[in-house]
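*Asks:* For the protein sequence lines, the chains are A and B, in the order given. Residue numbers 1 to 652, in the working numbering, belong to the letters of the first sequence in order. Residue numbers 1 to 373, in the working numbering, belong to the letters of the second sequence in order.
None of these hints come from the bench; they were simulated from the model. Small disclaimer: the values here were computed from a predicted structure and weren't measured. Keep in mind that the hints are not guaranteed to be accurate.
If you want the ones that stay clear, here's a sample from chain A, every Cβ over 10 Å from chain B, calculated [unchecked claim]:
1) 293
2) 579
3) 592
What follows is a set of in silico ranges between Cβ atoms, one per label pair, in the way DEER data are often shown [as the list claims (entries may be wrong)]:
4) 354(B) with 341(A): 50 to 58 Å
5) 360(B) with 503(A): 54 to 62 Å
6) 218(A) with 111(B): 36 to 44 Å
7) 627(A) with 355(B): 18 to 26 Å
8) 367(B) with 299(A): 50 to 58 Å
9) 297(B) with 228(A): 43 to 51 Å
10) 506(A) with 27(B): 53 to 61 Å
In this text, a Cβ means the ideal position worked out from N, Cα and C, and glycines have one as well.
Here's the letter readout for the chains.
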Amino acid sequence: MRRIGVFVCHCGINIAQTVDIEALSEYASHLNGVVVAKHYKYMCSDVGATLIKDTIKEFKLDGVVIASCSPRMHEQTFRRVANDGGVNPYRVEISNIREQCSWAHSNKEQATEKAKYLVRSAVSKALSLEPLKTSTLKVIPEALVIGGGIAGIQTALDLANDGFKVHLVEREPSIGGHMAQLDKTFPTLDCSSCILTPKMMEVANHKNIELLSYSEVASLEGSIGNYTVKIRKKPRYVDVDKCTGCGDCASACRLKDRLISEFNQGMGKRGAAYMPFPQAVPLKYVIDDKKCLFLTKGKCGDEPLCKKACAAGAVNFDQKEEIVERKVGAIIVATGYDIMDPTAVYEYGYDQSPDVITTLELERLISSSGPTKGEILRPSNQQKPKSVTFILCVGSRDETQCTWCCRIGCMTALKQVYLLREKLGDDVEINVCYNDVRSFGKGYEEFYRKVRGLHTNMFRGQPSEVRTMKENLKIDIFDTMTNKLFEIQTDLVVLVPAMMPRVDAIEFARLLHLTLSGDGFFLEAHPKLRPVDTFVNGIFIAGCCQAPKDIQDTVAQASAAASRAATILSQEELEIDPLIAMVDEDVCTGCGICVEVCPYEARTLNERKRIAEVNDALCAGCGGCIAACPSNASIHKNFTKKQLLNMVDDIM
Amino acid sequence: MTQKVIKVKDNDVIGSTNEFFRQLLSSGKIQALLVPQNTPSKKVAFPVLISDPKKLHADIIAPILPASTAAMVSKMTKVQPPAKPIGVVMRSCQIRALIELVKLNQANLINIVIIGVDCPGTFPLNTYAEFPEKKTPTHFLLEAWVKKSDDAEKYFRSVCRMCKDPIPTNADIILGFYGTDFEKEIIVEAHSDVGKEILKDLPLEDEKEGKSREKAVKEIRDEKTKKRALFLKEKEGIKGIDKVAEFFDKCVNCHNCRQACPICYCKECLFDSSVFDAEAYKFLRRAEVKGLFKMPNDALLFQLGRMNHMILSCVECGLCEQACPNNIPLMEVFIPAAENAQKEFDYHPGKDRTEKVPMIVYREDEFLEVGEK
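All chains should be built: construct the whole structure from the sequences, respecting the hints.
*Replies:* Here it is, written out as structure tokens:
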């Protein structure tokens with residue numbers, strides 16, 4: 001005969017004010033298989049835990065039912081307590097009488113009745129719970145960081161400094177990401193390169209970091225503690241071991257200054273042999289295989305000039321794509337964001353006039369290492385503008401585009417106003433069309449005040465249109481502060497576009513089995529309590545791939561992700577939760593439906609035995625295979641059909 | 001496709017097909033043949049696996065489907081397929097079932113040569129066994145078929161009257177009776193390379209004119225489709241739990257239907273397991289909830305559970321109905337259910353081996369009305 005103890009928690013007054021605790025305990029004590037029922041104000045407290053442990057010993061309990069809050073809150077706590085008391089931790093059943101009863105009802109009598117059914121049902125399950133054992137898995141103390149922007153750089157450095165080997169994968173020829181494109185950062189106006197470049201150099205030189213630039217993740221297998229990653233190294237056509245970064249190849253390239261520079265957001269030019277920017281890491285040249293004459297047409301004059309020019313003999317057109325494999329224990333995804341193409345908001349004429357630009361394009365114009373060497377010139381005529389107008393929230397907070405706030409637009413525009421005032425002087429008119437100025441961070445509001453003092457014309461409202469005129473641009477805006485319609489004539493319009501998930505976020509999510517939130521960014525496991533975890537154990541997210549954020553928050557999140565990964569990597573072995581699927585070999589027909597259904601690739605078909613098998617380390621216990629199996633061959637440990645039916649029977 | 005004909009001697013249709021099968025076996029290209037043959041009592045015709053041409057007295061027209069041929073092929077091939085080709089003579093519904101079983105990893109088509117036979121329809125097993133007419137069921141049927149009369153119609157199983165498609169698809173070889181004067185010639189078509197290779201050296205004559213076959217096939221398909229559509233319209237009424245419960249009133253939970261169903265491939269049916277066993281107090285509690293509780297307790301649960309498990313692959317062979325000891329007209333519920341469920345997933349059981357069963361296909365835009373937009 002089983003010996004179950006029921007422990008009813010008051011949760012202060014959270015449960016006690018709607019459920020008659022005394023009556024519930026009294027009822028529970030008479031249930032089939034129950035030998036004792038007790039109640040206490042806070043079961044999760046030390047005193048509560050002691051009460052449980054002492055009762056287990058006194059009544060020689062072999063199973064425990066806790067009637068309390070959601071198992072998501074304290075199931076682990078109570079498993080530990082039961083284990084300490086001598087009961088198998090998987091013989092603990094939580095009856096959620098808070099979220100599913102006291103919080104949901106107001107009638108005490110009826111709520112108490114319902115609580116009795118819930119507890120009765122939990123006891124029924126507890127009676128059939130099997131004692132389970134955890135198994136262990138060896139951890140590979142290395143990490144993979146995907147994305148070499150500031151988030152990836154910070155995570156990689158943190159982990160490398162903790163003593164873990166880090167493989168940093170960046171798909172562009174250089175790390176640095178969007179931050180490398182910025183001139184100064186708000187609100188302190190630090191020079192972006194000055195604070196980023198040392199970190200990039202540290203990555204390049206760190207003994208624990210392997211930088212895999214111009215590379216992409218091709219496939220992922222395995223599970224927490226033991227992932228196998230295949231990485232596709234794209235050919236640079238430049239031997240990185242020989243390249244000295246002298247730039248002779250770029251100077252010699254027949255296409256020099258004839259191709260659009262992505263790094264300069266199209267404001268500058270480059271050749272087919274190029275380095276994205278002077279501080280690039282690795283400081284190695286790359287040949288653009290989509291543009292290079294020799295690689296696309298097979299012919300570049302009599303011979304490729306870059307090859308001729310390279311004294312080190314680094315140019316190598318025979319390079320091929322290469323797949324390398326790395327084994328890691330944890331993965332941090334820091335793949336960043338895309339900027340919305342403002343053409344989508346067609347009324348602002350981004351594709352109509354060259355003088356309608358984005359903040360990132362202006363950033364390149366402001367930058368002293370940019371295409372204009374820091375001079376602010378109108379793209380249409382290379383003249384200094386006499387009037388500049390910013391339009392905020394282009395696509396952001398917009399039901400037809402992106403419903404979310406980009407969180408950096410206001411401050412980016414204010415920073416650029418400040419820098420323009422510095423560069424262009426007081427004579428230039430600067431207008432800002434905003435909805436609300438969101439200056440929420442440390443020092444942001446103060447910076448906003450400072451910029452307002454720089455004779456900035458602030459219009460509250462969203463312009464209806466930007467019209468391209470012969471000489472300049474015209475903007476109609478209804479200012480909701482003065483309730484007046486203004487027509488602004490301006491030379492340069494700067495759009496602040498929305499921050500979007502990466503265009504390939506969906507495919508990438510599939511590759512890693514990650515979940516996306518409704519907006520298309522990667523979904524965290526809990527918005528408050530597990531902000532950098534994902535639903536895949538051992539994979540973490542940092543930076544703007546999770547949601548828009550500024551550099552401050554990105555770096556904080558990157559360090560958080562590194563710390564979460566280190567928690568895994570610092571352990572020699574990991575325990576595997578035994579609440580996973582298993583196969584009844586006598587019942588399984590080997591149809592393979594579960595194999596196809598499993599989102600974690602935890603199931604395989606054993607062709608010889610003609611049955612499905614479960615990889616314990618990969619199984620996340622989601623139950624998909626259980627639902628898909630028409631017979632009772634797929635079994636979820638301690639969530640068997642029998643156990644669930646028992647619960648149903650006893651809740652009727 | 002290669003089209004040839006078997007010349008029928010002395011109007012002996014069955015004899016001529018058997019001559020063809022004997023040649024096939026003697027050619028050595030297949031090592032055995034699974035083909036319906038009357039039992040010594042002549043009361044039923046069961047598929048037999050024949051390796052000796054001398055023992056062959058098959059009756060491929062015999063209007064009876066005593067058990068699922070697809071399930072037999074599954075049994076023979078799933079553990080290990082044959083090393084040399086075996087010919088399996090099947091009706092269209094059984095080929096459809098076999099294709100489903102292949103998708104579900106329960107049968108293997110390696111070295112299986114599917115010989116499909118045009119099916120005019122089958123009689124219930126008991127009708128066949130105690131056939132009231134003077135002639136044998138086969139001769140009665142052939143005569144009606146030749147005369148194009150409705151004489152056999154009244155004996156057909158209801159599901160055969162509105163057959164989803166009486167013409168075999170996915171066969172390597174088809175023996176055709178529609179669109180030919182089969183008392184003189186039976187059509188033999190090769191629909192695969194394997195089929196062509198097998199027919200190559202057999203003493204068959206070339207088909208002279210193929211148009212009449214095409215036309216007749218279209219006619220019979222249209223006729224059956226029309227009947228099925230009419231039936232579906234008529235049976236729309238069985239909806240809601242009360243009507244469904246009433247429909248299964250006579251179910252004694254014997255699970256014969258599951259045993260007969262070619263799609264029910266589970267080794268142990270969930271409803272045969274101990275999952276639904278419970279303590280007496282639970283039965284009593286169930287009774288207390290409503291004051292009474294119908295026994296056997298899980299008959300309706302079984303019927304709906306089985307339907308839920310197999311309906312997307314239901315090929316409408318009607319073997320469940322034939323197996324029911326209490327004559328519950330199961331197809332009245334299963335055909336409409338299959339029609340609707342398969343339409344929801346745009347799924348066509350038995351049509352194409354590469355079409356994945358809906359359970360393993362993930363589509364983001366499916367059932368938007370029940371989930372997130």
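*Asks:* Could you see if the CB distance from residue 627(A) to residue 355(B) stays within 18 to 26 Å?
*Replies:* holds, 22 Å
*Asks:* Given a hinted range of 53 to 61 Å, is it respected by the beta-carbon distance of residue 506(A) and residue 27(B)?
*Replies:* holds, 55 Å
*Asks:* Does the Cβ-Cβ separation between residue 360(B) and residue 503(A) fall within 54 to 62 Å?
*Replies:* violated, 28 Å
*Asks:* Is 36 to 44 Å right for how far apart the beta carbons of residue 218(A) and residue 111(B) are?
*Replies:* Since the Cβ atoms of residue 218(A) and residue 111(B) sit about 38 Å apart, the hinted range of 36 to 44 Å holds.
*Asks:* Is the distance from the Cβ of residue 354(B) to the Cβ of residue 341(A) consistent with 50 to 58 Å?
*Replies:* violated, 39 Å
*Asks:* Please check whether residue 367(B) and residue 299(A) have a Cβ separation lying inside 50 to 58 Å.
*Replies:* holds, 55 Å
*Asks:* Evaluate the condition: distance from the CB of residue 592(A) to the nearest CB of chain B exceeds 10 Å.
*Replies:* Answer for residue 592(A): violated, closest chain B Cβ roughly 5 Å.
*Asks:* Quick check on a hinted range of 43 to 51 Å for residue 297(B) and residue 228(A), using CB atoms only.
*Replies:* The hint (43 to 51 Å, Cβ to Cβ) holds, given that residue 297(B) and residue 228(A) are roughly 50 Å apart.
*Asks:* Just want to verify: residue 293(A) was marked as not at the interface with chain B; is every Cβ pair farther apart than 10 Å?
*Replies:* Since the minimum Cβ distance to chain B is about 42 Å, residue 293(A) lies beyond 10 Å and the statement holds.
*Asks:* Taking C-beta pairs only, is residue 579(A) more than 10 Å away from all of chain B?
*Replies:* The claim holds: residue 579(A) sits with its nearest Cβ about 19 Å from chain B, beyond 10 Å.
Checked against the numbered hints given earlier, the structure breaks hints 3, 4, 5 and satisfies all the rest.
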